[in-house]
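Enquirer: These are the residues of each chain, in order.
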Amino acid sequence: MHVPDGFLDAPTSAATGAVAVVGIGLALRGARRELDDRTAPMAGLVAAFIFATQMINFPVGAGTSGHLLGGVLAAVLVGPWTAVLCVSTVLLVQCLLFADGGITALGTNVTLMGLVGVGVGWLVFRLVRAILPNRLASVAPAAAIAALVSVPAAALAFTGLYAIGGEAPIALDALATAMVGWHTVIGVGEALITGIVVSAVLAVRPDLVYGARSALEKRTLEVRTSKVVEA
Amino acid sequence: MSTRRASVSTRTLVLVGLLVALVLAGFVSYYASSHPDGLEFVAGDKGFLDTAKDHKSSADSPMSDYSTKGVDDPRLSGAVAGITGTVLVLVIAGGVALLVRRRTHVGD
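Protein chains in written order, with our numbering: chain A, 1 to 231; chain B, 1 to 108.
Any given hint could turn out to be false.
[What the hints assert, rightly or not] Below 20 Å or equal to it, Euclidean Cα-Cα: the simulated SDA-like pairs (lysine to any residue) are:
(1) K53(B) with G70(B)
(2) K53(B) with I103(A)
(3) K46(B) with I103(A)
(4) K53(B) with R33(A)
(5) K53(B) with V71(B)
(6) K69(B) with D54(B)
(7) K53(B) with V180(A)
[As the list claims (entries may be wrong)] Simulated coverage check for chain B against chain A, where a stretch passes if three residues somewhere in it have a Cβ under 8 Å from a Cβ of chain A:
(8) 23-34
(9) 37-51
(10) 75-87
(11) 95-103
Because the hints were derived from the structure by calculation, they are not lab data. By construction, the Cβ of each residue, glycine as well, lies at the ideal position given by its N, Cα and C atoms.
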């Protein structure tokens, strides 16, 4: 879903650039609460994994393809603020080194795939986790559902931006329908990959899965806190 | 640190994960679908794809569009680009994470 230069006009691109800068600033502060010596290496890995996975477009029919956005995957594994940083790093490298996504559109892409994809995805994940039993087994299905929703959500946000600052006169309802329709199909792929990868990490190291913390705390009631709080 | 059953160390997990990422970017990516992605397809369908502009500076990048300038073999060209990108993202995101993390083991 990398927006190239030229789709959106300059004021809109400047505005999303400002939104992206503020969002990344907040994420730098928020990520501090999510990352410690133990989990910091995971953030680099998750970002690298998202970059690699985004190189692999999968066909979704009718001559169209899609690839993982990775926002929910990152949020569930390392926390939502850190996820914004991971996705933004991927977008920055793709834009500067690989000419994938426009330079003036970098703020737009960070806003759509970083802020909206991660934000909406994390809210859906929390919602589904609240509905399902608080068990480890609920984490991967919740992540998959959140991943499924996050892709059309980002696509809808693009349509909203296009309504404000699109360079071509397009019927917006038709654009919204096409964007959300195709990206719901792509979202199925997003859900599968997210569910599988989260399950794999849960199987070997559930303690490294940020989105599994409440389920783990419930399982091992009398543990830790004291040392960390004092430090 | 863990009283539960023997589990994979963080180092092993990160190394295995990184290996998977490198294989995906360096090898599997060659077999990726070359169809336009969702946005590109919709833009073409709705007739606004031609408003896209290639930006000069990064289109001149030695690795624009995930192929490496000067490497003729397409498989190798993509592999070099993919592996370079994966390592670069790992270093930047990992570096940022190390900078902003809480240093749980320093102090007292």
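Enquirer: With a cut-off of 20 Å on the C-alpha distance, tell me whether K53(B) and I103(A) pass.
Expert: holds (10 Å)
Enquirer: Within 20 Å, alpha carbon to alpha carbon, are K46(B) and I103(A)?
Expert: violated (23 Å)
Enquirer: Decide if the proposed pair is consistent with the structure: K53(B) and V180(A), CA atoms, cutoff 20 Å inclusive.
Expert: violated (24 Å)
Enquirer: Please verify the coverage claim for the region 37-51 of chain B: does it have three or more residues whose C-beta sits within 8 Å of some C-beta in chain A?
Expert: holds (count 11)
Enquirer: Report holds or violated for chain A covering the region 95-103 of chain B, Cβ cut-off 8 Å, minimum 3 residues.
Expert: It holds: at least three residues are needed, and the region 95-103 of chain B offers 8 whose Cβ sits within less than 8 Å of chain A.
Enquirer: Has the given pair, K53(B) with R33(A), been kept, meaning a C-alpha gap of at most 20 Å?
Expert: Violated: K53(B) and R33(A) sit about 40 Å apart, past 20 Å.
Enquirer: Has the given pair, K53(B) with G70(B), been kept, meaning a C-alpha gap of at most 20 Å?
Expert: Given that 20 Å is the threshold and the Cα spacing comes to 24 Å, the pair is violated.
Enquirer: Are the Cα atoms of K69(B) and D54(B) separated by 20 Å or less?
Expert: With a Cα-Cα distance of about 17 Å, the restraint between K69(B) and D54(B) holds, given a limit of 20 Å.
Enquirer: Could you grab the alpha-carbon distance between K53(B) and V71(B) and see if it respects the 20 Å cut-off?
Expert: violated (26 Å)
Enquirer: Report holds or violated for chain A covering the region 23-34 of chain B, Cβ cut-off 8 Å, minimum 3 residues.
Expert: holds (count 8)
Enquirer: Tell me whether the statement that chain A covers the region 75-87 of chain B is true, taking a Cβ distance below 8 Å and needing three residues at minimum.
Expert: holds (count 6)
Comparing the model with each numbered hint stated earlier shows that hints 1, 3, 4, 5, 7 do not hold.
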